[in-house]
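Go ahead and model the full structure; you've got the sequences and the hints to work with.
Going line by line, the protein sequences match chains A and B. Numbering-wise, numbering that gives the first Met the number 0 puts 74 at position 75 of the first sequence, and it's gapless, one number per residue. Numbering-wise, numbering that gives the first Met the number 0 puts 268 at position 269 of the second sequence, and it's gapless, one number per residue.
Restricting the straight-line Cα-Cα distance to at most 30 Å, the calculated cross-link-like pairs of lysine-lysine (DSSO-like) are:
{"#": "1", "chain 1": "B", "residue 1": "Lys-226", "chain 2": "B", "residue 2": "Lys-73"}
{"#": "2", "chain 1": "A", "residue 1": "Lys-54", "chain 2": "B", "residue 2": "Lys-226"}
{"#": "3", "chain 1": "A", "residue 1": "Lys-151", "chain 2": "B", "residue 2": "Lys-73"}
{"#": "4", "chain 1": "A", "residue 1": "Lys-54", "chain 2": "A", "residue 2": "Lys-151"}
{"#": "5", "chain 1": "B", "residue 1": "Lys-73", "chain 2": "A", "residue 2": "Lys-54"}
It should be emphasised that the hints constitute simulated quantities derived from the structure, not laboratory data.
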Amino acid sequence: MEITTLSQPNLQTQLRALFVIAHKDWKVFWRYPLNAVSHVFQPLIWITPVYFMGKAFSSNGQAVGFAAYTGSGDYMSYILIGTALSNFIMTVFWGMGYALKADMDAGVLESNWLTPISRLQILVGRTLTSLLTTAITSTVMLIIGALLFGFKPTGNTFAAILTAIPMLIGLYGFGFAFAAIVLVMREANTMVDVSSFLVQGFSGANFPVQSLPSWLIPISMMLPLTYGFDAVRGWMLETSTLLPLPVEVAVLIVSMFLMLWFGSWFFYRVERRVRTLGTLGQH
Amino acid sequence: METTLSPQSLGKPGVLSDLRALFAVVNREWTIFKRYPSWIIALFIWPLIFPMMYILTARALSGPDGSGLQVFLKTTGANEYIGYIIVGTTVWMWQNIVLWDVGFSLRNEQMRGTLESNWLSPTWRFAYLLGQTGPQIVSMVMFVGITALEFGLLFGVRLNGSPWMIGLMMLAAIPAIYGLGFAFASLVITMKEANAFVFLVRGLVMIFCGITFPVSILPEWMQSVAKFLPQTYLIHGMRAAAFSNAGISELTADLIPLLLFGAFWLTVGYVTFVWMERRARQTGAIGQY
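Structure representation (structure tokens):
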């Protein structure tokens, strides 16, 4: 028996599907404009105590202790870069899982699953608007950060952006794996909150990992994100890095391929299991 | 012909029935609290991981030779930095949890569709809000106890003061912290979506009250704002009680404003509730969400 389908997937239809998903999310995001304000100010509010705490640790305006670890006493630029990158990490790493959870709650996951497009494509599509809005809100955050805290990138910003790209693409692998866990566990808020804090803590989003207790440093060195944060700051602020910059970039590129392969393999395996059990629509 | 109606109700409200209603709400909240034991995990994890972000940053600011730390200790007058930060972050978490738990209590009833039917019962309505507070205070006492235990065991933080004085500071702060929660709960039920307001209130505490630094380091205008926030006095007093062995006489300067703010916020909380109740009956919007 020959099975025929009305859909004829090709590159154009795939791109159209991605655009439709992103367009829908764009409309939803701007439907709640306070969210955008919150995205800009929340990170600034969280790092304000660090700004004043840093002053309490500084003598004559110089954070000498911090400079001994990083080679730069400009701790606020260091933290602001970490915060901006964390915003992107949150978007890619957790965004796909959250999007699945939202679809489950709204009862549309099963119908989305029946459309003739790749499931990974649905997941990627859900991050496109978030990436754009995160880019906008993080830029505004950095501008305000520059006005309030004196954010001063002194190095090569272009090289820093190029370095961040393999890190973000690699994060999609993590995101696929996390989305698979959400398909199974369905309720993952506590897991997300805790893992998010731990991953960002261990990879040095807000401080140099060299300052971690010695028994935690090996965990930190195993996370590709650690090299991402370190290399981006190395380019932008000319801070001293854990490894030479070309080596860190190479680590990021290799881990990008590994994480993408592992994430998609894990996602398809779990997704097949969920379809076998028939629990896809449950939440 | 004139007809006189004499409304008869089965409910005969009195002090005793009000107390019974309050107890029923407390009992219900306690049952729900026990029914979802996942809070136990959160109770152990959050006191540890939230302050860690600031503690590890402080560690980095100290430098490998501790030179930055010497400056911090001199500026703050503290003996060590971990305990100093924990007090501030714990107060912040307390206010944050109250805003989400007590602040959203009536809203949750509204979402469940039970608020309207509860409202129709011949009971003291403020009991619905007040009843949420009991189990919340119990869980917060556990939260503070676990925080002290975890940081004592893992980081060697030791109290250098009287636990009674710490308890007294917390007791004095309850009216202000929960009064704010009551006012918030009433506003939330009227405005429906209020996440942004939670972010605003907890953001004010985070920026102005000195959760990780002494308020004296702030610019003048920010110090003036800090004086209007009860959490500033709570954090200052708790640090003094926990690590500087402060007695009642040293704490009076923090206790008096805390109690005054408590009276103010409880009044605001109650008045807002009464206003909301009246408005809800007039507009008939109590069950809408």
